[in-house]
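*Asks:* What follows is each chain in one-letter form.
2 protein chains.
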Amino acid sequence: MANAEQIALDAKLSFDASQLVDSHERHKALVALKDALTTAKADILAANARDIEDAKVQVAAGKMSSTLLKRLDLQSSKSKYDDMLQGILDVDSLPDPTGQVTYARQLDDDLELHRVTCPIGVLLVIFEARPEVIVNITALAIKSGNAAILKGGKESLHTQAAMTTVIQGALSTTALPRAYIQTVSSRSEIASLLSQDRYIDLVIPRGSNSLVRSIQNDSRIPVMGHADGLCAVFVDESAVEKKAINVVVDSKTTYPSACNAAETLLVHEALLSTLWPTLAASLLSAGITLRCDPPTLSALTSSPSTSSHAAFASLVSPSSPEDYDTEFLELTLAVKAVPSCADAIAHINAHSSHHTDCIVTESDDNARAFSRGIDSAGVYVNASTRFADGFRYGFGTEVGVSTGKTHARGPVGLEGLVIYKYQVRSRAAEGHATAVFGTGEGQRPFLHTPLPLGDAPF
Amino acid sequence: MANAEQIALDAKLSFDASQLVDSHERHKALVALKDALTTAKADILAANARDIEDAKVQVAAGKMSSTLLKRLDLQSSKSKYDDMLQGILDVDSLPDPTGQVTYARQLDDDLELHRVTCPIGVLLVIFEARPEVIVNITALAIKSGNAAILKGGKESLHTQAAMTTVIQGALSTTALPRAYIQTVSSRSEIASLLSQDRYIDLVIPRGSNSLVRSIQNDSRIPVMGHADGLCAVFVDESAVEKKAINVVVDSKTTYPSACNAAETLLVHEALLSTLWPTLAASLLSAGITLRCDPPTLSALTSSPSTSSHAAFASLVSPSSPEDYDTEFLELTLAVKAVPSCADAIAHINAHSSHHTDCIVTESDDNARAFSRGIDSAGVYVNASTRFADGFRYGFGTEVGVSTGKTHARGPVGLEGLVIYKYQVRSRAAEGHATAVFGTGEGQRPFLHTPLPLGDAPF
Numbered sequence: 014m015a016n017a018e019q020i021a022l023d024a025k026l027s028f029d030a031s032q033l034v035d036s037h038e039r040h041k042a043l044v045a046l047k048d049a050l051t052t053a054k055a056d057i058l059a060a061n062a063r064d065i066e067d068a069k070v071q072v073a074a075g076k077m078s079s080t081l082l083k084r085l086d087l088q089s090s091k092s093k094y095d096d097m098l099q100g101i102l103d104v105d106s107l108p109d110p111t112g113q114v115t116y117a118r119q120l121d122d123d124l125e126l127h128r129v130t131c132p133i134g135v136l137l138v139i140f141e142a143r144p145e146v147i148v149n150i151t152a153l154a155i156k157s158g159n160a161a162i163l164k165g166g167k168e169s170l171h172t173q174a175a176m177t178t179v180i181q182g183a184l185s186t187t188a189l190p191r192a193y194i195q196t197v198s199s200r201s202e203i204a205s206l207l208s209q210d211r212y213i214d215l216v217i218p219r220g221s222n223s224l225v226r227s228i229q230n231d232s233r234i235p236v237m238g239h240a241d242g243l244c245a246v247f248v249d250e251s252a253v254e255k256k257a258i259n260v261v262v263d264s265k266t267t268y269p270s271a272c273n274a275a276e277t278l279l280v281h282e283a284l285l286s287t288l289w290p291t292l293a294a295s296l297l298s299a300g301i302t303l304r305c306d307p308p309t310l311s312a313l314t315s316s317p318s319t320s321s322h323a324a325f326a327s328l329v330s331p332s333s334p335e336d337y338d339t340e341f342l343e344l345t346l347a348v349k350a351v352p353s354c355a356d357a358i359a360h361i362n363a364h365s366s367h368h369t370d371c372i373v374t375e376s377d378d379n380a381r382a383f384s385r386g387i388d389s390a391g392v393y394v395n396a397s398t399r400f401a402d403g404f405r406y407g408f409g410t411e412v413g414v415s416t417g418k419t420h421a422r423g424p425v426g427l428e429g430l431v432i433y434k435y436q437v438r439s440r441a442a443e444g445h446a447t448a449v450f451g452t453g454e455g456q457r458p459f460l461h462t463p464l465p466l467g468d469a470p471f
Numbered sequence: 014m015a016n017a018e019q020i021a022l023d024a025k026l027s028f029d030a031s032q033l034v035d036s037h038e039r040h041k042a043l044v045a046l047k048d049a050l051t052t053a054k055a056d057i058l059a060a061n062a063r064d065i066e067d068a069k070v071q072v073a074a075g076k077m078s079s080t081l082l083k084r085l086d087l088q089s090s091k092s093k094y095d096d097m098l099q100g101i102l103d104v105d106s107l108p109d110p111t112g113q114v115t116y117a118r119q120l121d122d123d124l125e126l127h128r129v130t131c132p133i134g135v136l137l138v139i140f141e142a143r144p145e146v147i148v149n150i151t152a153l154a155i156k157s158g159n160a161a162i163l164k165g166g167k168e169s170l171h172t173q174a175a176m177t178t179v180i181q182g183a184l185s186t187t188a189l190p191r192a193y194i195q196t197v198s199s200r201s202e203i204a205s206l207l208s209q210d211r212y213i214d215l216v217i218p219r220g221s222n223s224l225v226r227s228i229q230n231d232s233r234i235p236v237m238g239h240a241d242g243l244c245a246v247f248v249d250e251s252a253v254e255k256k257a258i259n260v261v262v263d264s265k266t267t268y269p270s271a272c273n274a275a276e277t278l279l280v281h282e283a284l285l286s287t288l289w290p291t292l293a294a295s296l297l298s299a300g301i302t303l304r305c306d307p308p309t310l311s312a313l314t315s316s317p318s319t320s321s322h323a324a325f326a327s328l329v330s331p332s333s334p335e336d337y338d339t340e341f342l343e344l345t346l347a348v349k350a351v352p353s354c355a356d357a358i359a360h361i362n363a364h365s366s367h368h369t370d371c372i373v374t375e376s377d378d379n380a381r382a383f384s385r386g387i388d389s390a391g392v393y394v395n396a397s398t399r400f401a402d403g404f405r406y407g408f409g410t411e412v413g414v415s416t417g418k419t420h421a422r423g424p425v426g427l428e429g430l431v432i433y434k435y436q437v438r439s440r441a442a443e444g445h446a447t448a449v450f451g452t453g454e455g456q457r458p459f460l461h462t463p464l465p466l467g468d469a470p471f
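Top line first, the protein sequences correspond to chains A and B.
FYI, in my numbering the residues of the first sequence are 14 to 471.
FYI, in my numbering the residues of the second sequence are 14 to 471.
Quick list of the computed label-pair ranges, beta carbon to beta carbon:
hint, chain 1, residue 1, chain 2, residue 2, range
1, B, 109, A, 464, 19 to 27 Å
2, B, 363, A, 66, 40 to 48 Å
3, A, 458, B, 18, 44 to 52 Å
It is worth saying that the hints were derived from the structure and are not from the lab.
The beta carbon of each residue, even a glycine, is placed where N, CA and C say it ideally should be.
With the rest of the complex left out, here is chain A (with noise of 0.2 Å):
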C-alpha cells in the first residue's frame, strides 16, 4: 500500500484534476456508483459476512463488544443494503451546494467580481466500525466535489476491501479519477494521514469521543465534528407541566445514546414542590435514573408522588459534581436546581458542549434571554433537543454534528462541505490595473454595484 503522504497527495491532484468536471458528470458518477454497487451485491455481502465471522469471534473472546457486531452487520436486516443504495440516490437529488454566486458586484465598467460556492477540497473522514458510512460518504463527496480518503474501522476489513474494489472500479467508468475516493483500514495510517495538512483540507470524524478529541488535539488540520452532546433542559419558573413532562422525557428517552440526547436537567427552584415531584414522577416511571443536587433531592424525598414512587430508592440518589459535566449516553440524568433563568443560562455556558440546549418556558423574555444567551449551535423553546439533526431541520442529508463555532455550526448538510472563491473578471480592451482606482487626480473611485446573484461566470 503507498504510503500516507502518496495517498494524501494523489487525493488532492484528483481534486485538482476533478475541478474541471462539469457538475453533471458528478450526478453521472452517483448513477454508476449506484449500478455498480446494485451488480455487486452479492460479493459485498459475501465480504461482509467474513467479517461478522471474524467479529464473532472476537465478541466471543469478549475483545469486541456486541454492538460493534451489530454495526458491522450490513445483512441482518433485510433492507439495510437497498436503504444505503437508495441514499445514493437521495443525495443525487439534493441541490448542488457549489457553483452558487453568494455575493456580485460590478467594481468597474467592464469589471466583475463573484464570490462562487466551491468544494473544499480533500476530506479525511475518519469512522468505525460501520461500512455502509463508506457509501454514504463517497456519495457526499461525489455531490459536494470533493475528494474523499475514507478510513475505517478493521473490523470491517473485507467489507471495505469489495466496497472500494466496486467504487473505484465505478469510478474509473466515469470523469471522475480513480483515485477521488481511497480507502484505508490500518490504523497506523491515521496519525500520518493527520499530518498531511498540505493536501488534505478538512478531517471530519465520526465515531467514539475519544476518538474524535484524539483528532482535535492531534492534528493541525481543521476538523469539523463533535467530542461531546452534553445537551441540558432547563425549567423556568413559568413553565406548563405537560410541556416539561412532553419536552424532558422525549429528550432524554428517544435514544439515549444519541448526541442530542439531555444530560442535564435544570430546575427553577421555584417550582420545587410543584411542577418538579410530577415532572420526577414521569420520569422515574420512564425508568430514568436521576442524580439530584440537594435541593432538588430534598423536594424529592419530602414528596409523597415521588418518596412513594416504586422506582424511588433504585432511580433517585445524590449527584456528583462531575455528574454536570459527564455525557451518560444512558437513561440518567444530572438535576440541580437554579434560582433564576440568569443562573441556568450561566450553568450551561459553564458546563454544556455547545451542542444544543432548551428551556421549556412561558415567559418571552426568559425564551429570548436564553435563545440569545446561550452559546449553543441548537438553542430551543419548549421543543425537545432531540430535534437537533440534519434531517429533521430539512437538509435531505446529515454531514455531521459540528461543536466547533467557526465555518459549520451545529447539525451540518451538503453546505457545509462547500467554501468559496472569488472570480473577478475583466472585459475592457486593456485589462485592469489597480492603479487607475483611488482618490487622487485622474483617478476614479470604485463602484460596488451589486449584481444578480444568479449565474457563476465559470
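Take the given structure of chain A and dock chain B to it, following the hints.
*Replies:* Relative to the frame of chain A, chain B by itself:
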C-alpha cells in the same frame, strides 16, 4: 497582571454577558469609543512619543528596523490619528452582520426553525507594531459582537497602555462589560493564550509570515489568516500584449510587499519570441528583477529589445527551483515558460499559496479552465492580483485575508467574524416532542416549508 487563563476566562464571561446586550448598544459603544479617543488624543500621542523615543534608540543600536519605527508612529502623518477615529464611524455605519436569518423552515404546525447569524465568541488578535490596529480591531469586535483579546508588540507598549485605559474607560460607560476588550503586551503571554482553546474561539494573526506560521503550528484554536501571499500571473497563448503588460506590471509594482502582489510569472512558450520580450522590456523599465528559467532567459538573450535594454545585465538572471516557492516581497519576479494552460494550472496549484492567481487570456475556454481549476481564494481573468482586498471588494472593512479552506477565504469582511445558531421554537400547547414524527402509524412527517428570512425570532 492576571495570567492567560484568567484573561481568557474574563473574555469568555464578558462575551457571554454581552449576548444579552442589544445591537443598538453596540452602536452606542462605538460612538463612546470614538468620543473618548478624541478627548484623549493628546495623551495617546504623548505616550506614542515615548514609544518612538525608545524605538529610535533601538534603531540606532541596529536592534530595530526603521520600517518598524515608521509603523509605530501615530504622529508624523497629520491625518493618521483622525483617520483612525473615522475608521470607527465607518465600521459603525456598516450593516450589522449578526441577527441575520440565513435559513428558516416550518418544521410542523407551531414549530419553527431559524438559523440566525451570531458572533463567534472570543477573538485573540495578535499583531505587530502598528498601534492603530488596536482601535481598528476594537471597533470590528464591538460591531460584530465578539469579545477580543489584543496582543500587540512590545514596541508600542506605552501607546497600547494609554489606548487600553481609554478603551476600557469608554466601555465602562456602556452596556458592554469592561473586559470585553483586553490587551496584553508581554510576548511570553502568547503561548499561554494559544493554549486557552476552552475560552478562545478564533485566532487572527496579523503580522510577519513567521509569526503567522508559528501560530498556525502551535494552536488548537482555529486560525484565520495567511502566512504567505505567493500569487502568480499566467500569460496565456492568446494573450493581448497591452493587457499582459498592464496586468503584470500593476500586479508586481503597485505595492511589492503586499500579500496580493505577484511573485511568479508564467509565460506560454508560444509567446517566447513575441509577446514575452516586449513584456520583459516593460518589466525591466519598471525596475523589476527577473529570475528566468532557461527558455525565458534564452528568449531574452536572443531578443534585441531586451538584450540591449540598459537594465538587462543588472536585472536578468537565471532562476533557481526555490524561486518558484518564494514570496519575494520586493521588485523581483520568478519567470517560467509553460507549454499549456493545463501546465500553468498544475504549476500554480503546486506552488502558489492559494491566495490570488491570474490568467491573461483571450480564450473563454482557458479563462474557464483557469477559474475552475485553480484552487485559490481569488481566480482572476485579465485583472491585477492587487484587486484582492476587502475594501476593493466592497466589504467596507477588512478583517484580514485568509488562505484557509474553511470558514472564510480570501479578503475577509465582518461576515468572517460571525457564525450562526439554530433557534427552534414551539408554540404548541404541549410543546414539541420528536416521538410523534416518522412514518409509523399515528406518526406525521416534517413539513420543511420555507419561511421568510426576514426577522430573527429573538
